[in-house]
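J.: The listed protein sequences correspond, in order, to chains A and B. Letter by letter, the first sequence follows residues 1 to 67 in the working numbering. Letter by letter, the second sequence follows residues 68 to 404 in the working numbering.
EDC-like, lysine to aspartate or glutamate: derived pairs with alpha carbons at most 20 Å apart:
#	chain 1	residue 1	chain 2	residue 2
1	B	LYS358	A	GLU52
2	B	LYS83	B	GLU308
3	A	LYS66	A	ASP48
4	B	LYS108	B	ASP201
5	B	LYS83	A	GLU67
6	B	LYS282	B	ASP384
Derived contacts from chain B toward chain A, CB cut-off under 7 Å, selection only:
#	residue
7	ASN158
8	THR162
9	THR171
10	VAL173
11	SER387
12	THR389
13	SER392
14	THR394
Read the hints as simulated data drawn from the structure, not as lab findings. For every residue, glycine included, the Cβ atom is placed at its ideal position computed from N, Cα and C.
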Amino acid sequence: MPDLKQELADVAAAIERMDQRAPEPATLPAPGKVRLRHPNTGDIKEVDAVPEAMIPIMGLGYQQVKE
Amino acid sequence: MPARVQQLIMGLGQNKQTNIATAGSTFLRFKKLDTTVTTPKPVFENDAAEIGKGHEFITQTFPSHYDVANRLEKYASAEFVTWACAFGLGNASVTGSSAPYTYTIVPIDPGTTLELPYFSLVEQVAEGGGRAIDTLYVGCAVEDWTYQFAYGPGRASSKMTVNWVGSGLVTTPSGITVPALTAENNMLAASMSLSVNGVDYVATRRILSGTIGWKNNLLLNAGFYPGSGMQNGLQVRGRMEIGARVPTLQFTARLLAGSTEYATLVNQTTGTATLSVNHDDGNSVSFSFPKMAFQVVENAEADGIVAVTVTGAPQFDTVSNTVMSVTTKCGLNSIAN
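Please put together the full structure from these sequences, using the hints given.
T.: Shown next, in the form of structure tokens:
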């Protein structure tokens, strides 16, 4: 039982340390790129931010990710 | 004191609503040409046709539903065409960190969703120190849009018409402060370029007039589903889904000895079709069909000149994964986003 208590305390401490960690900065798409996300599968594609590259992906239902 | 129809102030929702029942909060104020004023039309049914009353007359009425719809007819500006195409086709991306912003717009993929982005629309008419009309229509969708061009001078050479439908959700008074008029950049047909199936109709000075259109054939009755919602005892729509959508292209051009339209029809040759108009480098619209055949070719006449009218048959292209796309540039950000 003491071991179990210690294990629970260690887990709680680990969770607390994770919570205290600063959130990782959100990554932005590379310059000149845009991210498109499929609303059902969640798949994300990063393509050149030009209509010629975006249209074939958007035609499959991918939508722009708001950065 | 009556009010003149020119006192009508109209605001179109700039951003898409989060859902059909939640009004948008950002509006674009546009001028328009048609004099229609939207009505929040409550529909009632009655028992005239029912048997057992001893006569054929009405003895009772029953609340049914709200039926909201209207049209917008405007000179084609980069701002309004962007708005119409973004809400009418449904899948719009905007790129650029500052104006002019570039919009890439394609039809929604029915494998992903059947619902277009919803917008809000507000109409106000000042009268006698108050307002004769002050209504916010919530949960509206574009039924169809038509871009129309023709020879002749001025803004009338390039127009855009939108028919829209409301869910029936109405707020009166609206509580909306409509902003100042949106600065619009009109695109005259004189700026146009048009290439269809390998023929440059502007370079050859043959093109006279035409239309590009999109119709969603919204499933309006299906919007009144069990549990769709009520307002003042009348049903409202809880959804508006696309039906069988129809893209269209029709144009009339002068007929020459070397005209290829009839051969293109008979051989069912396919190619791209692109129509572009602009105000300047930062305000433009380009409609593009990746795969176009001809459905009908008819000889015609315009101002005594022999012409040919072509009705296109846009086909779905498996390379670009769409039947049509629209690319625009304008100074407004976040339309339909």
